[in-house]
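Visitor: Residues per chain are reported as follows:
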Amino acid sequence: MIQRTRGWGKLALHDVWEYRELLWFLTSRDIKGRYRQMALGPLWIIIRPLIHMVIFSVIFGALAKLPSDGLPYPVFTYTALLPWTYFAGAASQSVGSLVSQMHVISKVYFPRLVVPLSAVLSGLLDLFVSFIVLFGMMAYYGFVPDLVVLTLPLYILMGTATALGVGLWGATLAVRFRDLQFAITYGIQVWMYATPVAYTAKLIPERWQVLYQLNPMYWVIEGFRWALLGKGHAPDLLMLVPMGFVVLLVISGAFVFRRTERTIVDLL
Amino acid sequence: MSQIAIQVENLSKRYRIGARENQVNTLRERIGNLLASPFAYLRSTLHGPSEEEMIWAIKDVSFEVKQGEVVGIIGRNGAGKSTLLKILSRITEPTNGLAVINGRVGSLLEVGTGFHPELTGRENIYLNGAILGMRKTEIDGKFDEIVDFAEIEKFIDTPVKRYSSGMYMRLAFAVAAHLEPEILLVDEVLAVGDADFQRKCLGKMGKIGKEGRTVALVSHNMTSIVKLCGTAIWIDNGRVSTIDDAKNTVQAYLASGLSAINGQVVFEEPHETIKAYVSSIELRNGNDKIASEFDVLSPIKVRIVFRCTRRFTRFRVAVVVSLFDGVPLFSTTSQDYDSIQGPFEAGTYHAQLFIPAQFLASGQYYLTVALDEPPVKQHDLHEHILRFKVLGNPFRLARNVGFLVHPFEWKLLS
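Quick note, the sequences are listed as chains A and B, same order. All residue numbers for the first sequence refer to this note's numbering, where the first residue is 1 and numbers rise by one. All residue numbers for the second sequence refer to this note's numbering, where the first residue is 1 and numbers rise by one.
A few of these clues could be false.
EDC-like, lysine to aspartate or glutamate: derived pairs with alpha carbons at most 20 Å apart [claimed, not checked]:
| hint | chain 1 | residue 1 | chain 2 | residue 2 |
| --- | --- | --- | --- | --- |
| 1 | B | Lys59 | A | Asp266 |
| 2 | B | Lys200 | B | Glu180 |
| 3 | B | Lys136 | A | Asp266 |
In case anyone wonders, no lab produced these hints; they're calculated from the structure.
Generate coordinates for the entire structure from the input sequences, incorporating the hints supplied.
Guide: This is the structure:
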């Protein structure tokens, strides 16, 4: 039965579940295709955050001598760069995903949610690979994580949800306003400096701290440090506010996405 | 009684076309426009579009397709055939009306959708299969068959970017052809590949039809429509014009080349927003008389009167001569000759295409005329607008085989 859907419609997540194999194929196409015909190939997954780490270590660590909570600067920033690189990649990929996949979308039907989901998922796989280097660095500097490391999945989930929320809203809007694909790059850059990736959160004056901590990525980054290195902000009640915000973002994003999805092809 | 597979009721789809652009002539106006355009874009996106910006791609289309029927959908370019298929395959939603579909739908609006050039043939089979809605286990089961059909055993682990275009098309079609939906929607995919492969595809399509599955096929190739389909639907200007036995529909469609019979057609003044349009087309014989039947020994002069409502720096008139079944025989454009290079100022023009005597063999032909602004914009198109006949001369050049004749040189060497 095909007819115009009125109002907001349903999320119909079971539809997405039906197409889970496609989700997997699109994700693996993304990953496999990305590193073909490169000398270093998938090594780039590791190299990218590594290069960032070196740059940050030299500029912020060695030259600007930013405090790093008493941790060796490289491991301090790399622990933050992992989730950040994942978030930034996943968010910007999924924002551009509908537009970049339009040749497929305009020719075949499948639940369009699969497209931004696969963009986020392929970033997640990259993240897991990058952990190898982190564990190597932790071993080198002699960090042994204790039991709180088990909270790590929670932070990964929160980062994923934030990326997905941004991605769903962004992808929907980017169909109408392609400008967003450019804008998002800068937006994310600004966001990074508003998040304690390169510096410690203690640099922020006390009276701004509450506002500063409303940023969901603050908790992801600090959580990573806390779970892996034992320094950083342990989760507390304030974390529930940005968490609730992210949940709201994802749910509203999904509905808005669903709503545009019906006639997306006409706009692309 | 057989079951209904597709039931369409009053289906309509409205599209938004761009608003009329303002003419810009001076640099100053251009800069002004550049600065104003973000606001104009925002306004046009946020506000509902006005009536004149909307166009009904299809309007009140109703029909039924029974299970196991192979139905052809024909019509001129832009008539709404592809929009119809897009709605039926759920790619976009209709504005009004509804369609009820009983059975799993597979749509094939393009072959090779989602192929990734860097991935191997094997990986692409799985990827493309999944995009078309196949399960992995299903693809596993048909894998060998697909590779076999595509004739690419040796290259199955080579990235598809290294494939020849023929191999690429074969692989793409092979995956699609092994999709086994209850209802298959196909758009024009048969128009690809070499003759040999096309035959193979047609054979496969015929087989799918015989297996009791329902097929809806959009094509410009009237031969394959008649050959494959029982019923055909002719869509004209977004509405159903005829639904009948395929042969009858195709004949009605081709004969609709308007007053074409007498070798002349005059068009009404179109909507004012059109920037270039054809006013009339005539066919004249060697004696400059308007005609629709020509002796093979007579030239055919195609006279096209067209109007430009603004200046064009690049512009061309294109003509396609097609065989009786709609397959193009040759095409030619005014740009092929240096004498008619632009620019074209606004005004009325008379152009003539000279098809020499002893070129087209006896038979029936259709003429298509288009006005293009290269490289991509088409301003006017009249498909199969005139029908004409070439008659064999009883004494010379009676055709045996083929569509072309030529005063070839023959010599007895010994």
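Visitor: Does each hint fit the structure? Answer for all of them.
Guide: Against the structure, the hints come out as follows:
| no. | hint | verdict |
| --- | --- | --- |
| 1 | Lys59(B) - Asp266(A) | holds (17 Å) |
| 2 | Lys200(B) - Glu180(B) | holds (17 Å) |
| 3 | Lys136(B) - Asp266(A) | violated (31 Å) |
Of the numbered hints listed earlier, the single one contradicted by the structure is hint 3.
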